[in-house]
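Chains as they are written, first to last, in our numbering: chain A, 48 to 540; chain B, 54 to 194; chain C, 1243 to 1723.
Just so you know, these hints were derived from the structure itself, not from any lab. Since no wrong hints were added, every one of them can be taken at face value.
Derived pair list, reagent style DSS-like, types lysine-lysine, alpha-carbon separation capped at 25 Å:
id, chain 1, residue 1, chain 2, residue 2
1, A, LYS209, C, LYS1599
2, A, LYS209, C, LYS1663
3, C, LYS1599, A, LYS210
4, C, LYS1603, A, LYS75
5, A, LYS409, A, LYS210
6, C, LYS1671, A, LYS210
7, C, LYS1663, A, LYS210
8, A, LYS209, C, LYS1603
9, C, LYS1603, A, LYS210
10, A, LYS209, C, LYS1671
Note that the structure is a prediction, hence the values are computed from the model and not measured.
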Amino acid sequence: MMSDPGMIVLLTVLLPVIGAGLVLLLRKNENAREAATLLTGALTFAHVLALLRLVRAGESPGLDILEVVPNVWLSFEVEPLGMVFALVAGFLWPVTSLYAIGYMRGHHEENQTRFFFFFAIAIAGAMGVAFSANLFTLFVFYEFLTFCTVPLVTHHQSDEAKKSGRIYLGILLTTSVGLQLVAIIWTWVLAGTLDFQAGGILAGTASAGILSAILVLYVYGVGKAALMPFHRWLPAAMVAPTPVSALLHAVAVVKAGVFTVLKISVYVFGVDLLQTLTTTTWLAWAAAVTIILGSLVAFRKDNLKARLAYSTISQLSYIVLGAMLANELGIIGGGMHIAMHAFGKITLFFAAGAIMVAAHEKKISRMHGLGRTMPITFGAFFVGSLSIIGLPPAGGAWSKWFLGMGTLEASQFGLLAVLMLSSLLGLYYLLEVPVKAFFFERPKDAHQQDGVHEAPTPSLIAMCITATATVGLFVWPDLFHELMQMVVSGGVR
Amino acid sequence: MISFALFNYWAVIVLMMVGFYALISRDNLVKKLIGLNIFQTSVIMMYVSFGKISGGTAPILIESGGHGGDGHGVQVAGDAAHAMRDNAEILYSNPIPHVLMLTAIVVGVATLALGLSLVVRIKEAYGTIEEDEITRMDNAA
Amino acid sequence: MLAPIAALINRSGPAWVIATSGAWFAFGAAVQLLRRVMTEGMIVYSLGGWVAPIGIEYRIDQLAAFVTLIVSAIAAVGVLYARTSVASEIEEDRHALFYAAFLLNVCGLLGIAITGDVFNVFVFLEISSLSAYSMIALGQDRRALTSAFQYLIMGSVGATFIVIGIGLLFVMTGTLGMADLAERIPAIWASGDGDRTIAVAFTFLTVGVTLKLALFPLHLWLPNAYTYAPSAVTGYMAATSTKVSIYLLLRFFFSVFGVEFSFEQMRLDAILMPLALVAILAMSSVAIYQSNVKRLLAFSSVAQIGYMILGISFGSVIGVAAGIIHLFNHALMKGALFMAMGCVMYRIGSVRIEDMKGLGKSMPWTMAAFVGGGLSMIGVPMTVGFVSKWYLLQAAIKGGNWLAAVVVVVGSLMALVYIWKVIEVAYFKRRENDDPIEEAPLSLLIPTWTLVAASFWFGIDAGTTSDVAMSAAESLLGMMQ
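Next comes chain A alone, as it looks inside the complex (with noise of 0.2 Å):
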């Protein structure tokens, strides 16, 4: 396995498809089944640290694939941004499929094999995205991504999942088709190249008029990215099972909804031009509006996912605010809250899906009391929360930190004011849950349960590990740090 650099890269993209083929070969054993698709997640995520040492040893290893129209290639190249997504990725595949394992069976879901088949494609189209060394690479990858999770987000295939299938689909790709291959395009048409570049291709191609069109086309064309008025289809797409819920909306695809951000910030436009763009400001409020709205929201919210859901777009905007600083500390906080967050909501949502499946509850409002039966679960969650919300010793208080800072740096008082707020309002909407479930007592019809009933063991084992790891991530950031210090000091080329 430790061929030259350029297998490697494609090997992690490619093993979790075999490792769908191997699921969809292995329908009727389950044992062998999820055994196959740990086995392959294991294996993945293996070779993403194998890239890892490479990249922090200062190289980038690529492959280009093939010419698809003239000059225009499909080909990847690994640089210190996409390596903190594929970590992200790779590392939370087979952590969540351990918890899928417990939420499926416990929960009698049908459709497994479907299931854990279309959940491999989705992670390799998750590692294309990660790896793209241009912007149409990243274009294939990040569509491929959108069609591979229609299954798994109308898995119930339901009338209301139906409904929500068509708002997730028609959103995605009206922005994707509507903005950001119209941003594409005329990149190509301006810069006459679409790769990643250090300090941007797009310098010096036009008026600043015109490219600070391109960037708006850009930032609202990432609808993975949830970007207010184009985030309905995320909420929608809580009708999904929730491991679905978990790894694909807290992980997969909007992290590469954030990830396209941050790159096309750093490597389409580059820092310096950013500054100069009359735009970047009205983006960056724009985020701070999500951000507030999507909190004010995530409150009034009485089912649980959905709470998560509003507080999953509210977070997805600090990275993009990150971005639309437009300065070291901004990109930095905001890659680092890739992971941060990463870490943080997935345990919340593996905590959701726990009491959905353990207690039968949806509604934070019957979840008073349950922490005496659930500690371990409520437990996690207070730990995702701290994450979310930015408090040591959660990994969250770093990516708030340097986005902070970066606040600070760009004299954006008000922004800066826009994330405290939204720290404030996490505090209550977030804490709440586990408050009320371990200090309330339990709503009068409730079913009484005697003694600890916790979640199914794989899924508990697969929820600690995620807590355990967003308090990790306090202690050593140092990884996440190192990457995107790599980012913004200009490691590619």
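Here the structure of chain A is known, so what remains is to put chains B and C in place on it, guided by the hints.
Quick look at chains B and C alone, frame taken from chain A:
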């Protein structure tokens, strides 16, 4: 005088319009076909008129030594007439339009035949060949 | 030549064999032609040894070879498909006649593509049209007859307009050869004597050709014709006849009249572009509301023709190349989609959306083929549809045509809506009754999937098609006097 010399073309236009109008306005399918045919015939007339060279005779080669004009159209008709090297200077009308129109006539006949056979089948299937009734029957279906 | 033999034998099996051999021979020849033209340049062949302008010449350049390839390829795949499809949709005693008509149609279309003489074009055009009318009339529903009749009337009017145009050109220039016309027209135009006639000829030709290629608003014959014709016929025709008419348009406007004349003097772009834009928007919207999937795809085809014309109306090399690429790509996409519908028709006898509930489960390969073609229509990367959009959007942005870029994008999104409509019913609804429905037979699936696979292949490796299209566009636009 001038309008008389262009009489052909006026006739062409009149026929063309008559045919086209019949095609569009009549509901009866056979009448439409008749209109189409009149329309096509007018075009035939147009081509033949193009081929006519003032003073030219029918473009059938006369064997007594004359080279037939190989037909370069109206504009160079004069040159054709003078370009002949033989003594017997016979001016022919341009045969090419005639040839083209033979082909067009065949095409027209084929179209007409196909059209009429379709009308017969439509009559069998619908019981009528009036377009408004057919449309009504289709919409009701 | 093979056609009358097929008709005379009058038995289904042998007739099909004859048709297949004809189609595949043509395909092989077309591939060779394209190769030679790409390396050597234009091929010229004088029929019977009579050199132009007296004789009729066959002139084959990159565009002609490309179109020949498309027609023969679709014919080759289509005839394989036809065997089973026709057997179920047309009465046995008519099969031989069907194959005879099919061969005539292929002959006509190929003839249009390779000839260098304008009247010859008319002859081949009518050969292909008449055989098309007959093929359409063989459909099961009685509305096939009226559709064929309507197409006959409109098509003949179009052809006659073309003849009028040709005649007017002939009377002014004295020649029927395309190369000659290209030389003589500018002189006449410049001299100012007879320029009105040239303009009128141009107009008649434009109207005639756009009627044949079903550009909005002269598209009225297409939806009915495609909906009620036998499935194999629709699959074949949707991918070929309008494409050849577009070829004809390119030939006339670029090779005969020349870019300068067409675009600057006659302002072709001002006529074609608005019509194309309206076609895309209006026809895609109408498609969304259809309940008969074949009709839906027919309206979608008119919209796609709008895309091709849009590319051409830009008048730039990349615009024309985009139109040509879409010609090829659409042939693959739509051919595949209509063939998938033919499979559905074969098994359940209907193509109404409500009847297709749950087909995602019962006919997985068929519906997967539909999804494949559908992804191409939407323009997902790695499909041919994306390549077309790529070039079209480039051409629009480079030319500063923002409205066109927006319309292209909106059109793709509308395609998403109508494709998703079908997918939703097939995959999300359950069948009510329990009649078991089998997957379509291999003889239908294999040709369908051939086209689907091609639509992915040429989407993943678009090098060949884009090279051919760009070189064709360059030589078309370079033919200025």
